Amino acid sequence: MYKKSLSYPYLVWAAAFIIIPLLFIVYYGLTDRSGAFTLENLMAITTAEHSKALFLSLLLSLVSTAICLLLAYPLALILSNSKLGRSGFIIFLFILPMWMNFLLRTLAWVVLLDTNGVLDTLFKTLGLPRFKIINTPAAIVFGMVYDFLPFMILPIYNVISKIDINVINAARDLGANSFQTLYKVIFPLSLPGVISGITMVFVPSLTTFVISTLLGGGKILLIGNVIEQEFMKGTSWHVGSGLSLVLMLFIIISMVLSSKYDNGEGNVL
Amino acid sequence: MSNRLIDLQHITKIYDGHKVLDDLNLYFNENKFLTLLGPSGCGKTTTLRILGGFETPDEGRVIFNGEDITNLPPNKRTLNTVFQKYALFTHMNIAENIAFGLKISGKSKAYIDDKIKYALKLVNLDGYEKRMPDSLSGGQQQRIAIARAIVNEPKVLLLDEPLGALDLKLRQEMQYELIRMKNELGITFIYVTHDQEEALTMSDTIVVMNQGYIQQIGSPEDIYNEPTNAFVADFIGDSNIFPGTMVEDKVVKIFDTIFPCVDTGFGHNKPVDVVIRPEDVELGKPGKGTVDGVVSHQIFKGVHYEMEVTACGQEWLVQSTKMHPVGEHVSIFVDPFNIQIMNKPESEDEEAVVLDV
Amino acid sequence: MIKKWVQRFYLFLIILFLYAPIGTLIVLSFNNSRTSVKWGGFSLKWYQQLFESKTILAALGNTLLLALLSAIFATILGTLAAIAIYHMKKRRQSICMSIVNIPMLNAEIVTGIAFMLLFISVGNLLSIFGIHFEMGFGTVLIGHITFNLPYVVLSVMPKLKQLNLSMYEAALDLGAGEGQAFFRIVLPDIMPGVLSGFLLSFTMSLDDFVITHFVKGLGADTLSTLIYSELRKGIKPEMYALSTIMFLAVFVVLMLVNLSPQKHIKEEQYR
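Protein chains in written order, with the working numbering: chain A, 1 to 269; chain B, 1001 to 1357; chain C, 2001 to 2271.
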């Protein structure tokens, strides 16, 4: 059944469209307009404007990831525990938003958070202070959490629901109460799912430019925005590539961390 | 006041409208090896789980040492369970696994270290403290599961078919190990299995269960030699079970042939079940025994030859170290002492009986 | 332990959080008035305007075509790759699997600009020879196929691992050629994985924005890129109608997949 030639089409494709493009970024990132080698593009990250964007991106993505984790973990526990959760339908409900168009979901939050939007008007009528969140970093966090929460729920739920019920019974049998069981047994065993979820939320939220454009009014610049503008507004591809390389460093770090916990089977959405 | 360590009173458990246990009454005394034996679905595992606290009965009470523990959660009971698939904590090493219960109850480090050493010695796995569960074989994992349970000095150890996943040789070794451990620890073992050979080997007392009811309780010899009904006779060991008529005390008629036996009290001309173990059927020259027949099948089993003899229009299962080839004409003789008479059951499920084990 | 009702309430809160925005959009799509806060009566006029818009319909056509084509190519390419990788020795296997995973683990923006650099450079190179090469539908298709590949490989792999090799050997034993044995025995057996890889690719392609954004050049708008450019100008109520339709479509498709006998594949694929 196996012929080496089977893999050739794929390998050719991978070389052409995965490896080579990345090499382009490396090339552009390490050269200037004349083609000479330079570290200028990488150092571009240190300018005030760029480092501010990077810092803000890190801050917002870390906050969003933390919020997603805090919301998703109890949810995953509840779902694996209850009979309700065993039925595919409830899981389906939590997964469904994932398949909805990303932009439209973000649009939904624009509608809700907008000045004179739904929540603002609601607060006004209730006599509460105005809900002026749109175009602030807080709005972007809302957007990130909303867009990426299902990606945190899924892997954690998968791992927890696969824990042998007898291991939990054994912990209780040996004297652990519910909290001790959670802390000493369930949480350590769920760690691969947690790491997976963190990776699936942190990287996209770190590098997004859509959410910040739509919910930040174009005024809040994340590192994704900076890079996108360098390319689409035609300023400097070299700087853009350099910044991308720096960004990739963060991504590689998170990949290395997550592969330590990966059981090698790969995580499919 | 008898030595009742555990008393199950009127336990009923229903799953999805199906009564898994119906008015079960059973009690256990101290320091015995007790086995709940029966086919899948007979309720033995449910009973064990109720004892462990992982299920609550729909009706009835569980009394432990005089205290009603029916609603007590598992972590507050002084029983410990050894699970079927070991359920070791894969993220902890062996020492941490064993120490788990002790750490929860706040024992000192010195105490814990001592106990770990003792437990590993007991299960013949000295020096395995730092190993991870995944690196151990099935048999070793099983022994660690036992070690983890007994360090907490429970009064009763519950074992849920712990040897099921092991191969034959290992299972036989472990059976002897379990008996040795029980004697060394001096605690009560309550063991669940569907393997009747296992039950016969290890138990002081066997409780045979079927469909949520207790069929018979007794020592291995009693259960084997004097089964009280057809189900028990059929489940334990091989047997010939024939319908018969009790003519009068000590005389039974099977297929129009009179066989003298030793049982009394079954009435006159009453229909009964007769059980004869294959190793008790003696084959001889035609005309020498009670009835004649022809050998129809023969297999060499190593320990003995297993043959089927057609006599009285029925197949008789015979086990003997002497070989009789197919087609040979033989006679059948059974020592009256080896003929066991049983009441015909009124329904498929026998009524539960309150008995002292 | 925490009471049941607290648990149920928490579940409800999260569901509310997830669906309130979507619900709002759906409601607003039927709103006669333009604003999002006043209800002006029930109306289907936004749907009407939606269907009359040529740009939207063109984008829809592009989107569906792209999804279909990229899914087909990715499925074929990816299935072959999965089979090849499955048979590789450990070291080669892990190298290949890492390559497979790159598009998935890499940030989309990086993949997007990498493509852009590639295509523009190729365009520049080709123009030296007088060949006119521009980014458009073709480049978007290439991009989509590339990021779909990992999903196909990762859907087919588990099925391959579960494959009973004896079945294949039995077929050979009974006289089938290798190709026959593959198509009649192996393929049907891994089909659930192949199909779910296809479905996953289709969906990912439909939903993609970032990569399309960078490689679409001047033409070839998909729904996502269209929505983005419109949203930057301000919200038009036709968007609400579009959202509702797309939400319903996804809902129906996923319901069908979940209710069909292949439900277990979707769940396996989630693992």
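Treat the hints with care, since some could be wrong.
Result set (DSBU-like, lysine-lysine): computed pairs, CA atoms no more than 30 Å apart in a straight line [said to hold, decoys possible]:
1) B:Lys1103 <-> C:Lys2003
2) B:Lys1155 <-> B:Lys1130
3) A:Lys260 <-> B:Lys1085
Just so you know, these hints were derived from the structure itself, not from any lab.
Here the structure is a predicted model, which is why all the values come from computation and not from measurement.
Against the structure, the hints:
Using a Cα cut-off of 30 Å, the hinted pair B:Lys1103 and C:Lys2003 holds, with the two alpha carbons roughly 27 Å apart. The hinted pair formed by B:Lys1155 and B:Lys1130 meets the criterion: a straight-line CA distance of about 28 Å does not exceed 30 Å. In summary, the hint linking A:Lys260 to B:Lys1085 is supported, as the alpha carbons are separated by about 27 Å, within the 30 Å threshold.
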